[in-house]
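Here's the letter readout for the chains.
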Amino acid sequence: MIWKGLMCFAGSESPVVVVLTGSMEPGFKRGDILFLHMNKDPIRAGEIVVYNVDGRDIPIVHRVIKVHERKDTRDVYILTKVKKIQNAPIPLLFLCLQQTNRHLIESSGDNNPVDDISLYPQGQFWLERHHIIGRAVGYLPHVGWVTIIMTEKPIIKYLLIGALGLLVLSSKE
Amino acid sequence: MHSFGYRANAVVTLAVTILAVMCSMASLSDNFNVPSPTAEVKVLNINWFQKQANGNDEVSLTLNISADLSSLFTWNTKQVFVFIAAEYETPQNALNQVSLWDGIIPSKDHAKFWIHTTNKYRLIDQGSNLRGKEFNLTLHWHVMPKTGKMFADKIVMTGYRLPEEYR
Chain D
1 MIWKGLMCFA GSESPVVVVL TGSMEPGFKR GDILFLHMNK DPIRAGEIVV
51 YNVDGRDIPI VHRVIKVHER KDTRDVYILT KVKKIQNAPI PLLFLCLQQT
101 NRHLIESSGD NNPVDDISLY PQGQFWLERH HIIGRAVGYL PHVGWVTIIM
151 TEKPIIKYLL IGALGLLVLS SKE
Chain W
1 MHSFGYRANA VVTLAVTILA VMCSMASLSD NFNVPSPTAE VKVLNINWFQ
51 KQANGNDEVS LTLNISADLS SLFTWNTKQV FVFIAAEYET PQNALNQVSL
101 WDGIIPSKDH AKFWIHTTNK YRLIDQGSNL RGKEFNLTLH WHVMPKTGKM
151 FADKIVMTGY RLPEEYR
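Keeping their order, the protein sequence lines are chains D and W.
FYI, in this note's numbering the residues of the first sequence are 1 to 173.
FYI, in this note's numbering the residues of the second sequence are 1 to 167.
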C-alpha cells in the first residue's frame, strides 16, 4: 500500500526533497519534506526554488529576492536565501525543466539576513533558469528524518536492509 | 497470516495511509478560506540615490508599511512570509523585481502590523535606468501551511516614482 502510494508520486512530475539545514526556519526545519514542481511559468520574486550551483552536488533551497528578466532572451537573475536539501531516496522524478527562458535571479534563506552570493561560485553573481531544478509547492513536516538518519548513519540503513532480508527469509510458508 | 510481522506491517501501513489522507484533507481545507487582506505602503523618504562605480544605480528608501493579513490565517497555517518588491521596467529588461523588505508573521496576532523601515535589501538596478523611473510596490505573501500546499498572492500598489536626479 505504501509502495503504491510512492509509485503514484513517482509517476507524477514532482520530486521530493528533504531539508538539511535550518536556514529557512521557522518556515522549514531540518527533516521536513518539500514537494517540488517545475513548469514553464517565469520565476518570480518570493518563490522558493531549488537550485544547483556548479561545484556543489547538494541542491540548495532558497527564496528568490531579485529577478531581472531580459526582454529578448528572457534572462533572469536570481538571488536567493539559503537552505540546503538533499534528494529523498524516494525515486522519481523527472522535472520538466523548460529552458526556453533565461532568468537572472537572486535568492536568500529566510533565516539569513543576506543574499546567497557567497554560495555561488567565484565570479557568479546571479542564478539563471538552467540552475533551477524546481519550485517548492508543498510541504510535510518531519517526515524526512528517516532520510537524514539513513544518510548520516549508514549503519542504520544496513541494519534495516538486513532486518528486512531476515523477515523475507523467515516468512516463507 | 497472524504472525507479529504481518500484523505490524498492516498496522503501520494503515497508520501511514491515514496520516497521509489527514494531511491532504488539512491542506484541502485551506482552499475554503477566502482571504481579504489589505495593505498600504508609503515611501517616506528617498535617503540617497547614487550611481555606483560599476555603473549601476542604487537607491535607498524609507518605507512605512501597514497591513492587515489576519484573514490569511487558517488552522493549518504555520506562518506567513510577507515581502515588498519594487517592480519596474527598463529598456533592457521586461521586468525587474527587487525585494526591499521581508518579514515573517508567525501567528494571527501579529498579522495586523505597522512598520517603519529602510529597505533591508539593496535596490540596485542592472544599469543606470532609475532616474525618474515609475515603479510599483507589490506586497507579496506566501502562506506556509503546517502541512500541504503553499499559497501565494499579492497586492500591487502603483504610482511611485523615483527622483529625476541623483542625490
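Among the hints, a few may not be true.
Unchecked claim - Straight-line Cα separation of at most 35 Å, DSBU-like style, residue types lysine-lysine; simulated pairs:
#1 W:Lys42 <-> W:Lys108
#2 D:Lys153 <-> W:Lys146
#3 W:Lys149 <-> W:Lys108
#4 W:Lys112 <-> W:Lys154
#5 W:Lys51 <-> W:Lys149
#6 W:Lys42 <-> D:Lys71
#7 D:Lys153 <-> W:Lys112
#8 W:Lys108 <-> W:Lys146
#9 W:Lys146 <-> W:Lys42
#10 W:Lys149 <-> D:Lys29
#11 W:Lys149 <-> D:Lys153
#12 W:Lys149 <-> W:Lys42
#13 W:Lys133 <-> W:Lys112
#14 W:Lys133 <-> D:Lys40
#15 W:Lys108 <-> D:Lys71
#16 W:Lys149 <-> D:Lys40
#17 D:Lys157 <-> W:Lys51
#18 W:Lys120 <-> D:Lys29
#19 W:Lys149 <-> W:Lys112
#20 D:Lys153 <-> W:Lys133
#21 W:Lys51 <-> W:Lys78
#22 W:Lys112 <-> D:Lys29
#23 D:Lys157 <-> W:Lys78
#24 W:Lys120 <-> W:Lys154
#25 D:Lys71 <-> W:Lys146
#26 W:Lys154 <-> D:Lys71
#27 W:Lys51 <-> D:Lys29
#28 W:Lys51 <-> W:Lys146
#29 W:Lys108 <-> D:Lys153
#30 D:Lys157 <-> W:Lys146
#31 D:Lys157 <-> W:Lys112
#32 D:Lys157 <-> W:Lys154
#33 W:Lys149 <-> D:Lys71
#34 W:Lys133 <-> W:Lys146
#35 W:Lys51 <-> W:Lys108
#36 D:Lys157 <-> W:Lys108
#37 D:Lys153 <-> W:Lys154
#38 W:Lys154 <-> D:Lys29
#39 D:Lys29 <-> W:Lys133
No lab work stands behind these hints, which were simulated from the structure alone.
Is the straight-line distance between the alpha-carbon of W:Lys146 and that of W:Lys42 35 Å or less? holds (33 Å)
Is W:Lys149 within 35 Å of D:Lys71, Cα to Cα? holds (32 Å)
Taken at face value, is the distance from the CA of D:Lys153 to the CA of W:Lys149 at most 35 Å? Between W:Lys149 and D:Lys153 the Cα gap is close to 31 Å, so the pair holds against 35 Å.
Regarding the pair D:Lys157 and W:Lys112, is the alpha-carbon distance no greater than 35 Å? Roughly 48 Å between the alpha carbons, so the hint for D:Lys157 and W:Lys112 is violated.
Below or equal to 35 Å on CA atoms is what counts here, so check W:Lys149 against D:Lys29. holds (16 Å)
Just to be careful, I want the Cα atoms of D:Lys153 and W:Lys133 compared with a cutoff of 35 Å; is the pair within it? Measuring from Cα to Cα gives roughly 55 Å; hence the hint is violated.
Check the hint pairing D:Lys153 with W:Lys146 against an upper bound of 35 Å on the C-alpha distance. Between D:Lys153 and W:Lys146 the Cα gap is close to 28 Å, so the pair holds against 35 Å.
Hey, W:Lys120 versus D:Lys29, does the alpha-carbon distance stay inside 35 Å? Within the cut-off at roughly 24 Å; holds.
Pair hint D:Lys157 and W:Lys78, alpha-carbon separation not exceeding 35 Å: This hinted pair holds, its Cα atoms lying about 32 Å apart.
Given the hinted pair W:Lys51 and W:Lys149, is their Cα-Cα distance within 35 Å? Outside the cut-off at roughly 42 Å; violated.
Under the criterion that the straight-line Cα-Cα distance not exceed 35 Å, is the pair W:Lys133, D:Lys40 satisfied? holds (30 Å)
Proposed proximity, W:Lys112 with D:Lys153 (alpha carbon, max 35 Å): Since the Cα atoms of D:Lys153 and W:Lys112 sit roughly 45 Å apart, the hinted pair is violated (cutoff 35 Å).
The structure fails hints 5, 7, 15, 17, 20, 21, 25, 27, 28, 29, 31, 32, 34, 35, 36, 37, 39 (numbered hints given earlier, in ascending order).
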